[in-house]
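Here's the letter readout for the chains.
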Amino acid sequence: MLEVSLVHYIILSALLFCIGLCCVMVSRNLLRIFMGIELMLNAVNINLAAFAYFCDGMVLGGQVFILFVMAISVCEMAIGLVIVVALSRHSENIDVNSQDVLEDKQ
Amino acid sequence: MSFFVDYIWLVPLFSLIAFLIISTGNMFVLHRNSRISAYLTLSSSFLGLVFGVLAFIYCYISENIWFERTFSWISVDALSFDFGFMVDNLSATMVVMVCFISLLVQIFSMGYMKEDPEYSKFFGYLALFNFAMCFLVLSPNLFQAYIFWEMVGLCSYLLIGFWYWKNSASKAAYKAFIVNRVGDFGFLLGMVAFGIFTFNYWINSDLSFLSFSDLNMAVFYLKDVFGGYSVVIIGLLFLLASCAKSAQFPLYVWLPDAMEAPTPVSALIHAATMVVAGVFLLARMYPLFEVSSLLMGAVVVIGIFTALLCGVFALFERDLKRVLAYSTCSQLGYMFFAIGLGAYSAGIFHMFTHSFAKALLFLAAGCVVFALGGRQDIFEMGGLRKRMPVVAYSFLAGVISLSGLFFSGFYSKECIFQAVFESGNIWLSVLFCAIGILTAFYLFRVYFLVFEGEENRSVGEVRSIPFSMIFSVCTLVVVSVLFGFLLGGHFGIKSFDELIYYSFKEGYRPSFLLVILSVCLSLSGVIGAYLLSKAGKRVYLFENLRFVVDWFYENVVSRVFCIVSKLFDFVDRYIVYGVVYICGLLVNLFSLLLRSLSSKNIGVYVVLSMGWLILLFIVLYGFKELFV
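Protein chains in written order, with my numbering: chain A, 1 to 106; chain U, 107 to 734.
If you are wondering where the hints come from, they were derived from the structure by calculation, not from laboratory data.
None of the values given here were measured: they were computed from a predicted structure.
Hints are supplied without guarantee of correctness; some may be wrong.
[Stated by the list, open to error] The calculated lysine to any residue pairs, modelled on SDA-like cross-linking and capped at a C-alpha distance of 20 Å, are:
(1) LYS706/U x ASP100/A
(2) LYS706/U x VAL101/A
(3) LYS227/U x LEU119/U
(4) LYS706/U x VAL82/A
(5) LYS277/U x LYS706/U
(6) LYS706/U x GLY717/U
(7) LYS706/U x ARG32/A
Input sequences plus hints: build the corresponding full structure.
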């Protein structure tokens, strides 16, 4: 039976981060971009937890930090979703590339 | 008594306060053109005069004092630019002279400028001038002297162009300013060069930077370390400055035109005080000039050439004030000449006697111009002695003094004559005699044409002259008559060369034969002028002679200057600017490349930023040795 070590966690988190990044890069839908960002944040969280567990199990600094990241990401999501709702009411689509009201059209 | 020396900085301060009150009052229309401004200026000059006289008496009693008080104004490392004042016999005497003539001229102006619409502005400028001039003579170092040197130039410019609506006046003001700029440039360059070359000397001594005290040590240092030529070059730069301010040969052209100013200004600034600043600079920088015979020779040549040339111009001039202006140039040439010969105190003595006599002549001429309603052509005057006897006799006293026949001018001129004679150069003596004749000739020509002879019909009504004008003229007569007697070494009073000397007391006592010779020469000039005026001949012959120099400046110097300026303009426009332009162009091209990357697609930005981040990591990994 293979022992689950730190490297496995790091690979998992790197994969998760890349998936999130690809999601942000390629998608045009604002909701999907938010999902990508959320994935990236969680990848970081896995990293934090893994390092905390394997490197200094007694201090719990990493685990506490995860709570902060989660709180911040929740706040961010709340604001982000409000923007999504406002945008969809305003222009009836949430395609980021077509949001060009600030563009200088001369 | 030493209190007054301690507090001599109050002298210029009074004038500054007067100027500030007048200018702010004028600005806020509190007391526009009221008599208050005149009384303020007068009282400031009077207080200054009282302080100056008491300080002078202290200097007179004590033996050759050198009192200096400064504070550090700008200090960088070991270097410190000081600001303050310095009193020695020379500056104390100058302060008394400046305040005295200022006071009399201000009294005179109360009458002369009475109907001028910008009465208080005039007095404000006079107060400002008094401030600047007093601080100039009290300056303890070159740096401070330069500041006030510029400031008196500014006052001169403002007052020449006082009647700015006259085209000729504003042009004359420009001319004076630009010509003086050439001199100021010399001063600045000389000062900077002197400061840089002797930098180590000042750093190692505990004196303040560029201080006048112990200047000769600095000059010896300069000569030892950098050789004689450095002294010559720096000296020539200072000489250029003196030439511009004191209207000497290549740069004298502004002074005759400066006669566009109101007559009191001509008397104060362009005859008695500001124009002697050049001679004053020579006197202060005398240690520098003294070590090089080449420099002293240059001073002599410039002095004697100007004295001769301007004497000739004065002879053919028909404008009353311009004759006096040329005479001023010529007399300033005398002083240069004397200082260049090493007759330091004789030159300074002549500066004082000339200032009083010339201020007197200008004020008397101002009375004439005032009485005739602004006319200045001496051929349109004549027989005015019967109409205004007081003015005529005052003018005569000034003329006699200045031509060295009698009174103060006699003493100073004899001292210089003795110095010339003792120098043993026969050509200088001959030229000096010629200038003596010339001076008497052109001055008496003016006197005879204006005050004697047939009464000119075209004169018409003569305005009565206010008391204030007569008062200051008469006071000046008394002073310019007595000054020479008092300081001529009689009655147990210190003679001038015991009062003001550099390194040794010259003690030029004119020998009897020389006095006779000099007086006879002057008398021959007087007789010549008398005969000329009797014969009724008017010298028109070379009337346009003086325009030759102006023509030269206008057509040759300014053309050459234009070509040089165009060259510099070309370099600036196409080479300096071109380099800058090409740099800008390159940035522009590169940004064109970058700009093409930007699009509406947000994904591209994310990819790019991630790409840059990865690149950064790679680079950092590559240079990781640097960071560990």
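Tested hints:
1. LYS706/U x ASP100/A: holds, 8 Å
2. LYS706/U x VAL101/A: holds, 12 Å
3. LYS227/U x LEU119/U: holds, 19 Å
4. LYS706/U x VAL82/A: violated, 23 Å
5. LYS277/U x LYS706/U: Measuring from Cα to Cα gives roughly 64 Å; hence the hint is violated.
6. LYS706/U x GLY717/U: Within the cut-off at roughly 18 Å; holds.
7. LYS706/U x ARG32/A: holds, 18 Å
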